[in-house]
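Student: Keeping their order, the protein sequence lines are chains X and E. Numbered as in numbering that gives the first Met the number 0, the first sequence ends at 314 without a single skipped number. Numbered as in numbering that gives the first Met the number 0, the second sequence ends at 54 without a single skipped number.
Treat the hints as calculated values from the structure; they're not laboratory data. Be aware that one or more of the hints could be misleading.
Stated by the list, open to error - Now the in silico label distances, taken between C-beta atoms and shown as ranges:
1) E:Leu28 <-> X:Lys100: 20 to 28 Å
2) X:Leu49 <-> E:Leu28: 30 to 38 Å
3) X:Met282 <-> E:Cys32: 34 to 42 Å
Unchecked claim - To spell it out: a stretch of chain X is covered by chain E in this simulated footprint if at least three of its residues, at any positions, have a beta carbon under 8 Å from a beta carbon of chain E; those stretches are:
4) 17-24
5) 51-63
Source: prediction; values computed, not measured. Ideal Cβ positions, reconstructed from N, Cα and C, are used throughout, including at glycine.
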Amino acid sequence: MSFVSESDSGLTQSFPVSIASPSDYVALLKPRVMSLVLFTALTGVLIAPLHVNPVIGFASLLAIAAGAGASGALNMWYDADIDALMRRTRKRPIPAGRMLKEDALGFGLVLAVLSVMTLGIVANWLAAALLGFTIFFYVVVYTMWLKRSTPQNIVIGGAAGALPPIVGYAAVTGEISLASIALFAIIFVWTPPHFWALALVKAEEYGRAGIPMLPNVKGADRTRRDILLYTLLLVPLGLTPWLIGFASLAYGIFASALGGLMLLFSARVYFNRTGPKADRCAMQLFAFSILYLFLLFAEIASERVMAILHLNMPW
Amino acid sequence: MKTDNKMRGLVLTPEQQKSRRQRNVAIALAIGCFVLLFYVVTIAKLGPGVLSRPL
Chain X
0 MSFVSESDSG LTQSFPVSIA SPSDYVALLK PRVMSLVLFT ALTGVLIAPL HVNPVIGFAS
60 LLAIAAGAGA SGALNMWYDA DIDALMRRTR KRPIPAGRML KEDALGFGLV LAVLSVMTLG
120 IVANWLAAAL LGFTIFFYVV VYTMWLKRST PQNIVIGGAA GALPPIVGYA AVTGEISLAS
180 IALFAIIFVW TPPHFWALAL VKAEEYGRAG IPMLPNVKGA DRTRRDILLY TLLLVPLGLT
240 PWLIGFASLA YGIFASALGG LMLLFSARVY FNRTGPKADR CAMQLFAFSI LYLFLLFAEI
300 ASERVMAILH LNMPW
Chain E
0 MKTDNKMRGL VLTPEQQKSR RQRNVAIALA IGCFVLLFYV VTIAKLGPGV LSRPL
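Produce the complete structure using the sequences and hints provided.
Tutor: Set out below in structure tokens:
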């Protein structure tokens with residue numbers, strides 16, 4: 000990251016110069032997280048009862064995605080020190096030494112302001128304010144405050160990841176509705192079992208980095224119990240889109256089946272507490288939880304697309 | 000020798016030059032896309048009335 004030049008006195012001097020490539024800036028956006036945000040925000044757009052111009056809808060989603068990317072960049076700027084201590088994150092652009100910390104900060108701030116302003120101009124200012132709040136919540140409340148201070152970090156911080164459907168819905172309607180709050184609630188309650196499953200396996204790494212994840216602070220048994228409790232809450236919450244009336248009975252049956260599987264994976268984590276099988280069960284729950292959320296939202300989104308296209312469904 | 004060093008200023012390594020060039024191209028593309036996005040959104044928002052408004 001540095002190069003050597005000769006100063007007036009003839010002595011060598013080091014200057015920090017970035018060797019970051021565009022792909023490093025893309026990595027800074029956390030593309031995988033961004034894709035999940037984009038997908039859940041799209042579902043929020045689709046459940047809105049109003050027609051939206053496709054160009055406006057696309058631009059709104061782009062702004063929401065950019066806002067999520069800005070959050071990721073600012074998170075990597077602040078967490079560069081602990082990212083360097085964990086195997087999962089040490090290859091990120093800043094800890095790997097390819098990017099200067101201040102470059103990531105500048106990139107994140109510019110992108111945050113641009114994304115919020117763009118959403119305000121393209122859609123409306125309620126959606127823009129919600130996007131701004133989401134970025135603030137993720138960066139300041141979660142990253143800077145909760146993450147390093149409480150084992151409930153991802154429970155409260157999960158609100159930031161759950162907000163995109165509300166932002167998407169507000170971008171179309173200018174309002175917040177029970178339907179968008181239901182989607183928020185599903186993601187909010189889904190977040191703890193998802194991350195704690197990973198934390199059970201990566202407890203040592205989190206401990207080394209000094210992050211107080213639940214398994215490190217309260218122990219693996221308490222974490223397993225809480226995973227099961229949150230999953231028991233998640234399964235009925237997954238049915239609310241059908242109960243409220245913006246998803247079909249087919250969705251209700253589908254969500255019940257997926258919820259049953261989610262419960263099964265959580266129960267396996269609860270009962271298998273030692274050895275390689277325990278880690279395997281936790282990683283299986285982690286992987287399935289991603290599929291669970293994706294399939295629930297995909298079902299809602301596809302039903303809405305079919306309704307918009309006036310396609311008759313067999314139910 | 001002193002004057003030569005002053006004139007040369009900061010000398011980037013080939014790797015730094017390459018990454019800077021790539022970043023410049025990426026910034027240019029991003030700005031171009033941003034301008035295009037606002038152009039298309041303006042047309043979409045104002046529709047056919049884009050030219051028939053009081054100046």
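Student: Hints the structure violates: just list their numbers, smallest first.
Tutor: Structure breaks no hint.
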